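S.K.: Sequence:
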Amino acid sequence: MTPATSASLTRLGLTGGIGSGKSTVAALWRAAGHRVIDLDAYSRAVLDVPGEGVEEAVARFGEGLRTPAGTIDRAALASIVFADPAARADLEEIVLGRVDRAVGAEERQAADAGELFVIHDSPLLLEKHQEAGYRAVVAVLARREDRIERVMRDRGKDRAYVVSIMAAQVTDLDRIRRADRLVLNTSGRDVLADRAEHALAVVTAGLGDLADSAVR
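By the UniProt record's numbering, the letter at position 101 of the sequence shown is numbered 101, and the numbering carries on one by one without gaps.
Calculated from the structure, these hints are not laboratory results.
Be aware that one or more of the hints could be misleading.
What the hints assert, rightly or not - Pair by pair, the computed Cβ-Cβ distance ranges are:
no.: 1; residue 1: G156; residue 2: E106; range: 28 to 36 Å
no.: 2; residue 1: R143; residue 2: E52; range: 21 to 29 Å
no.: 3; residue 1: Q109; residue 2: D40; range: 17 to 25 Å
no.: 4; residue 1: R135; residue 2: R159; range: 35 to 43 Å
Quick caveat, the model's predicted, so the values are computed rather than measured.
Ideal Cβ placement from N, Cα and C applies to all residues, glycine included.
I would like the entire structure built from these sequences, with the hints used as guidance.
M.R.: So this is what it looks like as structure tokens:
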């Protein structure tokens, strides 16, 4: 579920599989001055800050998940929900409403500031079939082996873990079919930056004209 946004504000989606370089593209766009809303960060905050979200998770999944800091042991929780669709659905119910409210507040700030668009950095956008909520969706693609090696190197995960996450996500063929624009992460960072800049320019073309028409 994605929150309703202001009529004067366009929502764009950014997605990509684990290790694809999606977060790098998000960082590049953010550094260029664009508002990129990290949906994963908002989701993590529900369980990483003591409060109602943590209490609901403990009530559903057990006191043993509470850390000494009063947050949720995310690794232990992941081991529960990864293999249990019902548990995963319960977790999403705990998290998503809070995420929607936080995202909505940031979008209102963007609209009040006169910004023309916001970008949702959303790793599960296509898995959740949310593309209809966006003017355009940009997907980042990379070679399978590059993705596996990147996650193993940068996050300290083993190959089996990365492959299991990939299996739970949509395929690159799905991304190609369903995204409006692709960014290929098949060369160095400089090439990726150029491709990301071009993709954003394409999907935002004409937004200023649309805003002027709405005012008139």
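S.K.: Give a verdict on every hint.
M.R.: Taking the hints in turn, this is what the structure says about them:
no. : hint                    : in the structure
1   : G156 - E106: 28 to 36 Å : holds (31 Å)
2   : R143 - E52: 21 to 29 Å  : violated (42 Å)
3   : Q109 - D40: 17 to 25 Å  : holds (19 Å)
4   : R135 - R159: 35 to 43 Å : holds (37 Å)
Hint compliance for this structure: hint 2 alone is broken.
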